[in-house]
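Take each chain as given, in its own frame, and dock them per the hints.
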Amino acid sequence: MRIATSLMNLVAVFCLANALCAQPASAQADSIQKKFSNLYQAATKEAEVILYTDGRQEQAQRLSEYWKANFPGVALRIVPKSSPALIAQIETERAAGQHRVDVSHMSQPYVAALWKQKAFYQPYRTESFERLRPDNADADGAFYTPDVYTLPAAYNTDVFKDKSQLPQSLIDFLDPRWKGKLVLGDPDASGNTLTFLMTMLATGRLDWSNLEQLAKQDVLFVRSNPDAVRMVASGERALAPMISSFNIMTARMKGQPIDFYVLTEGSVVVQSLAGIMRDAPHPSAAKLLIEVMTSPQAEGSLSEGGVFWPAHPDAPAVKTLPRLADLHPISSPPPSPADAANIQAFLKKFKAVFGRQ
Amino acid sequence: MTGPSMTGPKLKEKALSRRFGFALDDPIQFIAVAVVLLACVALVVLPVAMLVTYSVFDDGGYLSFKAFALLVTDTGIIAAGVNSLFFMAYVTAGCLAVGVPIAWLVARTDVPAKLCIRGAIAIAFIIPSFINVIAWIFLAAPNSGYLNKLLVSWLGLSRPPFNIFTFGGLVFIETAHLFPIVFFAVAAALANIDPSHEQAARMLGAGRWRTAATITLPLVAPAIIASATLCMLDALSSFGAPAAIGTMANFSVLSTAIYGLLTYPPRLALAAATSLPIVLYTLGCLWLQQHYLRRNNFVTVTGKASAPQLMGLGAWRYPTLMLVLMIVGGVAVLPFCALVVLSLLKSFGSALTIGNLGPEHYRAVFDASFTVFPSVRNSLILAVSAATCCVVLGITTAWLVERAAMPGRGIISAIVMVGYGFPSIILGVGIMLGYIDILYGTLTIILIAYVARHLPIAFVFVRSLVKQVSPELEEAARILGAGRLRSLIDITYPVLRPAAFIAWLLIFSLCLREQPMSAILTQSGTEVMSTMVLQFIEDGSIEVAAAISVLIVVVSMASITVARIFAPREILEMR
Chain D
1 MRIATSLMNL VAVFCLANAL CAQPASAQAD SIQKKFSNLY QAATKEAEVI LYTDGRQEQA
61 QRLSEYWKAN FPGVALRIVP KSSPALIAQI ETERAAGQHR VDVSHMSQPY VAALWKQKAF
121 YQPYRTESFE RLRPDNADAD GAFYTPDVYT LPAAYNTDVF KDKSQLPQSL IDFLDPRWKG
181 KLVLGDPDAS GNTLTFLMTM LATGRLDWSN LEQLAKQDVL FVRSNPDAVR MVASGERALA
241 PMISSFNIMT ARMKGQPIDF YVLTEGSVVV QSLAGIMRDA PHPSAAKLLI EVMTSPQAEG
301 SLSEGGVFWP AHPDAPAVKT LPRLADLHPI SSPPPSPADA ANIQAFLKKF KAVFGRQ
Chain W
1 MTGPSMTGPK LKEKALSRRF GFALDDPIQF IAVAVVLLAC VALVVLPVAM LVTYSVFDDG
61 GYLSFKAFAL LVTDTGIIAA GVNSLFFMAY VTAGCLAVGV PIAWLVARTD VPAKLCIRGA
121 IAIAFIIPSF INVIAWIFLA APNSGYLNKL LVSWLGLSRP PFNIFTFGGL VFIETAHLFP
181 IVFFAVAAAL ANIDPSHEQA ARMLGAGRWR TAATITLPLV APAIIASATL CMLDALSSFG
241 APAAIGTMAN FSVLSTAIYG LLTYPPRLAL AAATSLPIVL YTLGCLWLQQ HYLRRNNFVT
301 VTGKASAPQL MGLGAWRYPT LMLVLMIVGG VAVLPFCALV VLSLLKSFGS ALTIGNLGPE
361 HYRAVFDASF TVFPSVRNSL ILAVSAATCC VVLGITTAWL VERAAMPGRG IISAIVMVGY
421 GFPSIILGVG IMLGYIDILY GTLTIILIAY VARHLPIAFV FVRSLVKQVS PELEEAARIL
481 GAGRLRSLID ITYPVLRPAA FIAWLLIFSL CLREQPMSAI LTQSGTEVMS TMVLQFIEDG
541 SIEVAAAISV LIVVVSMASI TVARIFAPRE ILEMR
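For the protein sequence lines, the chains are D and W, in the order given. Okay, so the first sequence: first residue is 1 according to this note's numbering, each after it adds one. Okay, so the second sequence: first residue is 1 according to this note's numbering, each after it adds one.
This is chain W alone, in the form it adopts within the complex (with noise of 0.2 Å):
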């Protein structure tokens, strides 16, 4: 007896009679609706059009389906078509393998120091992923790698033992940043799961392992299916990684052959018109997740729920924890000390010795006249605003799209996620052509971008949840007299919280690193710290680079830790 079992197409139907139906003389669900539009078409939309109106007419503003031709003709580009399928794959299965039993473990079992894993796999995202790569070169390259020198001297191999410049390194790099998305989503549907179902099986005499494999784990499909679709399109849409890696191992995926587009000589028409197939892979993902959710019931929060019982795994307990941390310290904890390491190098290519360590570069950080201050602040400032609009748009669509029975839903949750597939560098180029006339230059066209980008990750984190939450319960707070605001404030508000909370963290890290699209859309007075770290990357001085990537990291953990501090206490246990 499985979740999603119990159900067939009677209570499928039965949930769906149970929606509300689409009013628009329902002032709130007028507004939600107006909100949503709005949001699609210009964070969205009108981008998109941009790009799609650019790269159908020619230099004479002609239509022209020459940029179309190229495309499929080019054999370069097709071969980095199909690779992007093979790196998406990989990078997807990865993360699921590591990010769901870590999940598990963390939100359903008793290992300890979960404190300490949340915060190490935090720290494995909010490094920016091109300064995470020159930490794993620092690391793991065959010659000069530090890693592999180490194990080569301690061990006696006579060949290093990893290579970084291979396929497989770009895969591990990726995996490793991208798994937490898998994590925080996957635990923090575990922790909201109504374990009334375990129980069951449990008494029915089901083992501990079978009930977490047959019935926790598809409870929390969505999660898992959601969380997987954004692997795939931040994978799609990757950058930093492909482009400095798949250049040593020698691939090519579609991000990089559409930023090789943009310059020796700039084909910008033909870039536009190669990020159009990104749409299909995206609507694809998005089909292949709806179909296998439609078939499917995960509610499992009726409002009758009890404290979840955590698995205790005995003699276990200690093993368990010691290969998790092997892991989470692999991905996480060693690049941020490569990184801290990198930071302090007087002479970069010098033996790794005391005297060849020094603070010089945090000098440079804190030096007035490069700037680095005004960047902070203002990265602070477009991480706090885009993760809130980001968490707020996103209670909405997914409210809106699960439980208003109104047309075209499907549509609406297609042109929210179509943003996270695009690649950066060219979804900020459609904004750029959208909105230079009236925002350029300013900090409001940055958030347009940070929003437009990272709304998917609010969306399907709310929308998994929703789908947990019985709609039984708004109903019964309507039938008692609330209002359709009541009952969202005190019903399903309290449920989301978990899952906006985590959305609103993610989502600030990711900004505070966001580099493509602030690379294009920065000018005087709008900088950034990730453009800052890329100046830096560019000028050679990679040590002051990892200086600021530490700051960034700081800055995020204490941006963290202050919200936690302040987190009601239910949020904190995910529950």
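This is chain D alone, in the form it adopts within the complex (with noise of 0.2 Å):
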């Protein structure tokens, strides 16, 4: 008898725990959907919304399912594309005169900035604009950082056993020992390098003489931050300066024998855009779309799909990830129409200094 009262017990608090944890969730969709009533009345009649994202896949699931539990009626259509192609697919759009995308998703600062220019993007102000942070949404709303990631230094697990002997800052990395041992994204075709590159000269920490020096490392240099974990992993360079932090730690969960770290002047951060492009086919559903991505209630799920930090401030926090604080996170500087030019100047004069074609 005793034995059966405990059971019930026991069952009656798994249904309570199983009940606390439940309600949340439930809440935060009933709230979800209440706070956007308006918007979601007006997406339905619209019927769809297309979101175009250069973001991971587990990333794009996670929207989709959110969007499918709080939103029926409004259709999400998620067209993946890597950022050269989702940049190369929206320029071409736009010249042709074509608008086929309500939302556009990626991270890229610099191309944001020259679409902010053009007048690609549709300038609004969601709901919570007042309390994010400056750097985390245009001054005008013309688009909104709703994840960022890092630009951490990585390094092979199996050749360092002993994480002291790793090079501690970017200076470190000058050191003759280290030739033939790093590997870099090329600037000019990752965008990630290009960001931590420039923003570490444009910051001081950086000097054109300390990448003199580098250039007489034998980087090895590699398209993307996909290609550069895969060469620290597979210990064809042990050692890299920096790579995109959710691809280091997609392959530190699959088991691949990398790891990151800090240097001590800092991980760059980067953040993601995600903006309501001008003439909009569904503008409703557009901004419902920008809405819940920066909500705090669906960033906190996105960003642990995609690996990232989620930025409002309010936004649960990841637990499979540091404190970001814990990082030294160094802010790139805002986007700026000035890149542009900036961006060509620095190209030319590093492949001058690395001698690359």
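Please note that the accuracy of each hint is not assured.
In silico PhoX-like pairs for lysine-lysine, Cα to Cα no more than 25 Å straight-line [said to hold, decoys possible]:
(1) D:Lys-351 x W:Lys-66
(2) W:Lys-149 x D:Lys-254
(3) D:Lys-179 x D:Lys-348
(4) D:Lys-34 x D:Lys-45
(5) W:Lys-66 x D:Lys-118
(6) D:Lys-161 x D:Lys-254
(7) W:Lys-66 x D:Lys-348
(8) D:Lys-351 x D:Lys-216
(9) D:Lys-349 x D:Lys-179
(10) D:Lys-68 x D:Lys-34
(11) D:Lys-319 x D:Lys-254
(12) D:Lys-161 x W:Lys-66
(13) D:Lys-179 x D:Lys-163
(14) D:Lys-179 x D:Lys-351
(15) D:Lys-179 x W:Lys-346
(16) W:Lys-346 x D:Lys-254
(17) D:Lys-179 x D:Lys-216
(18) D:Lys-179 x D:Lys-161
(19) D:Lys-319 x D:Lys-163
(20) D:Lys-216 x D:Lys-348
(21) D:Lys-116 x W:Lys-346
(22) D:Lys-45 x D:Lys-68
(23) D:Lys-216 x D:Lys-349
(24) D:Lys-348 x W:Lys-149
(25) W:Lys-149 x W:Lys-346
(26) D:Lys-254 x D:Lys-163
(27) W:Lys-66 x D:Lys-349
(28) D:Lys-35 x D:Lys-45
(29) D:Lys-35 x D:Lys-68
With the Cβ distance kept under 8 Å, some of the chain D side facing chain W (calculated, not the full set) [to be verified]:
(30) Ser-82
(31) Glu-91
(32) Glu-93
(33) Thr-250
From chain W, some residues computed to sit far from chain D (all C-beta separations above 12 Å) [what the hints assert, rightly or not]:
(34) Arg-210
(35) Ile-354
(36) Val-401
(37) Gly-408
(38) Arg-409
(39) Leu-473
(40) Pro-516
Rather than coming from a laboratory, the hints here were simulated on the basis of the structure. Think of the CB as a built atom: it goes at the ideal place given N, C-alpha and C, for glycine as much as any other residue.
The structure is reproduced here in structure tokens:
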């Protein structure tokens, strides 16, 4: 009898715990629907919303599931693209005078600044606009930052069993003993490397004489961060001064011998940028989507799927990630229309210094 | 005495006079002309015109040649253009050096295991180029390549024997990927020549090797030159290997330079302008091809052909087989095995042990949430449709260009070929600009892109065979009362069928793995397998990408096998 009572108590406790755990989720669902009920109503008449994104597949899947659960009747069509394909596609659509996308989401701040200048975006102030930090929302509401990632250094854990052997600062990478051991994304092809180097130069953490020394280190240049991860994990090159955090963490979660660490200079923070496109075919649904993508309720879940840090100050932390503040984050300068010319000048000098074609 | 030298200007004139007159009152010819002109405009002229327009107007809509001025002053683009020329030359020479001898061995000698050789060469062609690069890095990266590690450990070498991160490595990967074009084109042509020429040479005292070198190979010069042209243009527009290896080897070509212009910051007008010199490259290649072919007559199928005699290799039969298998194994089987191992790796970078292998990544392929299956369906629909359209259009165009004495035939062949030399991503942009209003987001726009890109393969394969077929055959049928359509179906088509069949298979395989245009043109619901592969690579899931690539190879090989089962016997024997 006592055993039966105990079992009943256990079941009751389990049900209570389950209910308590479930309640916030359903409550959140109710609240996000209610919160944006007017937009939802208008979006229902438009029936669908189209998102172009260069985000990770897991993130897109989570967004799709979240949307279906909360906004039935409005189909979310996600078009996943690599950054270059996404940029070329939107540029071509605009060149042809076509407006097929409602919201674009990508991680190229320089392109976002250029698109703002070309009036590709439709400025819109979200409900939480005032709550967002200035670096997480464009001053005019042209684009927002749903999530961020960092650019820490990376190393092969099989090669470096003892972390104290690792170069601790960017200047340490210039030591001749690391010659032939480094890999880096080519800034001509990798937007993250471009952001990293330009931020480090702009903030005075690196100068061109440092880069001239780095050019003597027989650095292996690759096209993208996933390529750099493969080079480090395979042992082809044991060290990387920077690789995007989500690429390293995803590889680490799969058991690959790679990990990241923070240099004394800190790690550059990169923002993903989402904005409503001008003359969007589904304007109300586009507003609803950008509200959802920048809401604290959705950001937590979506960031977890992408292995990013949510940008909204009220969003729950992603449990699998360390606190962003512990990584000595360095904010990159806000994107500006002058970036295009600066990038051209930087790349020209970079190619000359490194003898790159 | 060689095939080509038997003919001269008089014979050429005679052959020309045999050509059917250009008559628009002939309904069959009228329909053929209409179809070909429509295809030229829809597939090439419209997209290229859109690109030209875009490159000569500035953002304000005013006529501007600023993009062209930048083009001729940008040292990086000029260097990329020069590099492209060298890259094309080396790759084409490599493809001919490997493809022609193996084609001759398979088509004209008694070397054993021909099916096995053909299958392996097909695999080399089918593996998507961007995943082929990853497979080769996996094998031959200087420090981490498994092949290097194995050889260093087995042979006690002091340094790794291979370094794929070099210009030589890039040429090797591209050659290994493209030589099947030469192999299939030349093998089809070799199987189709009239053996009486060779028999005559042998009777006049020429040895086997001399006959092969002075009679057989010159007779298939159209196929050799045509496939070399395809290799040149493919190398010119190639992106996957030059992008990955070129970045590591510090080597840029036009296609990678153009890709760079589309990104940070995007300069579409300059990218479009940069593509236009490629039209000049293409026309230059075609001029060279025509210049050579015009001087000679390659008619070898006269209706009096007997069965081909295979040359006996005698004691060299098995050593030759071993050599061929080593080459084919090196360029096809090895990267495919690497791909399979990669797809089974639980943890990339960890030791290659049984415990580190498993089928997990194939589960992801079969996971409904990743939409891999809809992409397989879309890819198959597109590949079958594009291959069929290309072959039908290729036969029509080749027949028209070679048989109808209509004006502007050279222009038609140039227009058709331009699509092959264009970097795929820019051709994709042109097609998007041309059809965005009516077909955007549909499979049809992707089909148009695939056909525009791959029609030259069918055209080149079929045309080289049309050149071998004497117009007398069709004329004889006409004299005996057959209409033009009947003579085409009963006389010309059976001769062209082997080339058409091989072109269909090649195009089918190419479409299954086409990536740069698909990346631009696919939308939600029209994803294809290659875009799924790219998405997994971008996400850092190279193992899943490898698993899908294995699936692409398996689907391609299964389709080819089914096609072979149902193909007529003479096609299987290339005769």
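Evaluated hints:
no.	hint	result
1	D:Lys-351 x W:Lys-66	holds (23 Å)
2	W:Lys-149 x D:Lys-254	holds (24 Å)
3	D:Lys-179 x D:Lys-348	holds (24 Å)
4	D:Lys-34 x D:Lys-45	holds (17 Å)
5	W:Lys-66 x D:Lys-118	holds (19 Å)
6	D:Lys-161 x D:Lys-254	holds (19 Å)
7	W:Lys-66 x D:Lys-348	holds (19 Å)
8	D:Lys-351 x D:Lys-216	holds (13 Å)
9	D:Lys-349 x D:Lys-179	holds (22 Å)
10	D:Lys-68 x D:Lys-34	holds (15 Å)
11	D:Lys-319 x D:Lys-254	holds (17 Å)
12	D:Lys-161 x W:Lys-66	violated (55 Å)
13	D:Lys-179 x D:Lys-163	holds (19 Å)
14	D:Lys-179 x D:Lys-351	holds (19 Å)
15	D:Lys-179 x W:Lys-346	violated (31 Å)
16	W:Lys-346 x D:Lys-254	holds (8 Å)
17	D:Lys-179 x D:Lys-216	holds (8 Å)
18	D:Lys-179 x D:Lys-161	holds (19 Å)
19	D:Lys-319 x D:Lys-163	holds (24 Å)
20	D:Lys-216 x D:Lys-348	holds (18 Å)
21	D:Lys-116 x W:Lys-346	violated (43 Å)
22	D:Lys-45 x D:Lys-68	holds (16 Å)
23	D:Lys-216 x D:Lys-349	holds (16 Å)
24	D:Lys-348 x W:Lys-149	violated (38 Å)
25	W:Lys-149 x W:Lys-346	holds (20 Å)
26	D:Lys-254 x D:Lys-163	holds (21 Å)
27	W:Lys-66 x D:Lys-349	holds (23 Å)
28	D:Lys-35 x D:Lys-45	holds (18 Å)
29	D:Lys-35 x D:Lys-68	holds (17 Å)
30	Ser-82	holds (5 Å)
31	Glu-91	holds (5 Å)
32	Glu-93	holds (7 Å)
33	Thr-250	holds (5 Å)
34	Arg-210	holds (46 Å)
35	Ile-354	holds (15 Å)
36	Val-401	holds (32 Å)
37	Gly-408	holds (30 Å)
38	Arg-409	holds (33 Å)
39	Leu-473	holds (48 Å)
40	Pro-516	violated (9 Å)
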